[in-house]
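Chemist: Using the sequences provided together with the hints, build the complete structure.
Note that the protein sequences, when read in sequence, are chains A and B. Letter by letter, the first sequence follows residues 1 to 255 of the UniProt record's numbering. Letter by letter, the second sequence follows residues 1 to 255 of the UniProt record's numbering.
Check before you lean on any hint, since a few could be wrong.
Unchecked claim - Quick list of simulated restraints, FRET-style, between CB atoms: (1) B:Trp142 with A:Gln152: 27 to 35 Å; (2) B:Gln214 with A:Pro59: 55 to 63 Å; (3) A:Gly147 with B:Gln127: 14 to 22 Å; (4) B:Arg117 with A:Gln127: 33 to 41 Å; (5) A:Glu153 with B:Gly100: 25 to 33 Å; (6) A:Arg254 with B:Arg16: 44 to 52 Å; (7) B:Ala217 with A:Ala213: 53 to 61 Å; (8) A:Ala217 with B:Met208: 39 to 47 Å; (9) B:Arg151 with A:Ala213: 57 to 65 Å.
Said to hold, decoys possible - From the derived model, a few chain A residues whose C-beta atoms are all more than 12 Å from chain B: (10) Thr29; (11) Arg54; (12) Glu97; (13) Phe114; (14) His121; (15) Arg156; (16) Leu161; (17) Gly199; (18) Glu234; (19) Gln237.
Simulated from the structure, these hints should not be mistaken for laboratory data. All C-beta atoms in this analysis are idealised placements derived from N, C-alpha and C, irrespective of residue type, glycine included.
Each chain is listed here by its residues.
2 protein chains.
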Amino acid sequence: MCQLLGMNCNTPTDIRFSFSGFAQRAGRTGDHTDGWGIAFFEGLGVRHFVDHGRAVDSPIADLIREYPIRSENVIAHIRKATQGTVQLANCHPFVRELWGRYWVFAHNGDLKDFRPRLHAHYRPVGQTDSEHAFCWILQELWKSHAGVPDRQELTRTLRELAQRIAPHGTFNFLLSNGDTLWAHASTALHYIERRHPFGKAHLSDDDMSVDFAQQTAPDDQVAVVVTAPLTTNEPWQALAPGELAVFAKGTRQRA
Amino acid sequence: MCQLLGMNCNTPTDIRFSFSGFAQRAGRTGDHTDGWGIAFFEGLGVRHFVDHGRAVDSPIADLIREYPIRSENVIAHIRKATQGTVQLANCHPFVRELWGRYWVFAHNGDLKDFRPRLHAHYRPVGQTDSEHAFCWILQELWKSHAGVPDRQELTRTLRELAQRIAPHGTFNFLLSNGDTLWAHASTALHYIERRHPFGKAHLSDDDMSVDFAQQTAPDDQVAVVVTAPLTTNEPWQALAPGELAVFAKGTRQRA
Numbered sequence: 001m002c003q004l005l006g007m008n009c010n011t012p013t014d015i016r017f018s019f020s021g022f023a024q025r026a027g028r029t030g031d032h033t034d035g036w037g038i039a040f041f042e043g044l045g046v047r048h049f050v051d052h053g054r055a056v057d058s059p060i061a062d063l064i065r066e067y068p069i070r071s072e073n074v075i076a077h078i079r080k081a082t083q084g085t086v087q088l089a090n091c092h093p094f095v096r097e098l099w100g101r102y103w104v105f106a107h108n109g110d111l112k113d114f115r116p117r118l119h120a121h122y123r124p125v126g127q128t129d130s131e132h133a134f135c136w137i138l139q140e141l142w143k144s145h146a147g148v149p150d151r152q153e154l155t156r157t158l159r160e161l162a163q164r165i166a167p168h169g170t171f172n173f174l175l176s177n178g179d180t181l182w183a184h185a186s187t188a189l190h191y192i193e194r195r196h197p198f199g200k201a202h203l204s205d206d207d208m209s210v211d212f213a214q215q216t217a218p219d220d221q222v223a224v225v226v227t228a229p230l231t232t233n234e235p236w237q238a239l240a241p242g243e244l245a246v247f248a249k250g251t252r253q254r255a
Numbered sequence: 001m002c003q004l005l006g007m008n009c010n011t012p013t014d015i016r017f018s019f020s021g022f023a024q025r026a027g028r029t030g031d032h033t034d035g036w037g038i039a040f041f042e043g044l045g046v047r048h049f050v051d052h053g054r055a056v057d058s059p060i061a062d063l064i065r066e067y068p069i070r071s072e073n074v075i076a077h078i079r080k081a082t083q084g085t086v087q088l089a090n091c092h093p094f095v096r097e098l099w100g101r102y103w104v105f106a107h108n109g110d111l112k113d114f115r116p117r118l119h120a121h122y123r124p125v126g127q128t129d130s131e132h133a134f135c136w137i138l139q140e141l142w143k144s145h146a147g148v149p150d151r152q153e154l155t156r157t158l159r160e161l162a163q164r165i166a167p168h169g170t171f172n173f174l175l176s177n178g179d180t181l182w183a184h185a186s187t188a189l190h191y192i193e194r195r196h197p198f199g200k201a202h203l204s205d206d207d208m209s210v211d212f213a214q215q216t217a218p219d220d221q222v223a224v225v226v227t228a229p230l231t232t233n234e235p236w237q238a239l240a241p242g243e244l245a246v247f248a249k250g251t252r253q254r255a
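Modeler: Here you go:
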């Protein structure tokens, strides 16, 4: 299985602390060594890094750990191959354009017998069940809405689509269009919302602490979603099986 | 105006020498400082790096200069903004998927009054004339071919499309689907084909030489296409205005 990390914020925020802990699971505290990737929205643009090595010792992961890329929406993934060979085209997250925006998707899990017909214009490049599911989701979003829908409408459609895919296996996923982060849990996703007053956090996977109060402004709001909690001293909440959580401006939306 | 660099090879090849010279034009030997980008095909997958700073001192460009990413098809671009603001979404190259393959496109030039209707499913995310032209090219490719066309058919269609766009301004572009590199010249594109016996080359933009004989096997073939020649001692050839050159397996195809 794989692991997921997502971040949604109300101001461009540096993900290096969370990514440092997360990347340890790709070879040191975990065995997710069959590739990794991370996508950062910057306005409408996306920086997309994928690598088929281990995130724990990848030169590109070193860059991410050292170069403060500030973003309002980030999705990262470390892969342990279940379907598809170890090659760049199979590394998550995947990126496609819909309605003049980039959409980024990463999946943790395994889908059995889910190969719906792709009759519109999104086709997988690699071999994974995950990319096939992403292409189908975009196809169905595009078919379901004549114009560009708002967040509530998108969420309604995504909830229906997730319910159709989820019975085929394990379907934890993160999806973002640069504005909203959707997180769907099938077995394991946890989240935290950080806001004023900010405190200290200590990583579970590495001997590293940070005092967010030193790095934030009082109005900052940051939500982090991850397969297993990243820090030892914060109140992470688990999503229930079948739950689709929606994050915008660093806050969970009760939609 | 911007500058373009492309490489097409018959074996995965390291572009660091060429990129080092090229990146000097983004701030040192040239004023192309409004962003840059590079895309590397690796099999069907793509590594895509974009940055809105100057390539000459970007940490991501440092990574590219230091980390040997071997690829059979590379497209790079350094930008001097003519249309669209300086932001990540406006940085070339652009990437889209068509027929289950990624397509990468970069443009040097300026198109006036070229905003054809995009009635299919490719929409620009940024504001540039270039991305609009790329979306239109993919739309027209998709409409022109019921199945996946071969290289000759693709080239015929691309030649017609380029002829329809070119009258609107300056339209030097590079396009690749990971198999073939197409290079269209409007004002300035030069190329070289390197093959056995390999010799030494010296960069025009930096005091740096390389002896390709030390780094290659006898069967290697590499074609490099660039706005202005990168080395001082090799026989670069200029493409004629209106010419669409096709490179595959490191060799120009006479199609």
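Chemist: Against this structure, judge whether each hint is valid.
Modeler: Here is what the structure says about each hint:
no., hint, in the structure
1, B:Trp142 with A:Gln152: 27 to 35 Å, "32 Å, holds"
2, B:Gln214 with A:Pro59: 55 to 63 Å, "23 Å, violated"
3, A:Gly147 with B:Gln127: 14 to 22 Å, "20 Å, holds"
4, B:Arg117 with A:Gln127: 33 to 41 Å, "35 Å, holds"
5, A:Glu153 with B:Gly100: 25 to 33 Å, "29 Å, holds"
6, A:Arg254 with B:Arg16: 44 to 52 Å, "51 Å, holds"
7, B:Ala217 with A:Ala213: 53 to 61 Å, "57 Å, holds"
8, A:Ala217 with B:Met208: 39 to 47 Å, "44 Å, holds"
9, B:Arg151 with A:Ala213: 57 to 65 Å, "59 Å, holds"
10, Thr29, "25 Å, holds"
11, Arg54, "15 Å, holds"
12, Glu97, "6 Å, violated"
13, Phe114, "18 Å, holds"
14, His121, "5 Å, violated"
15, Arg156, "22 Å, holds"
16, Leu161, "18 Å, holds"
17, Gly199, "30 Å, holds"
18, Glu234, "30 Å, holds"
19, Gln237, "32 Å, holds"
Figure legend: structure checked against the earlier numbered hints; hints not met, in rising order: 2, 12 and 14.
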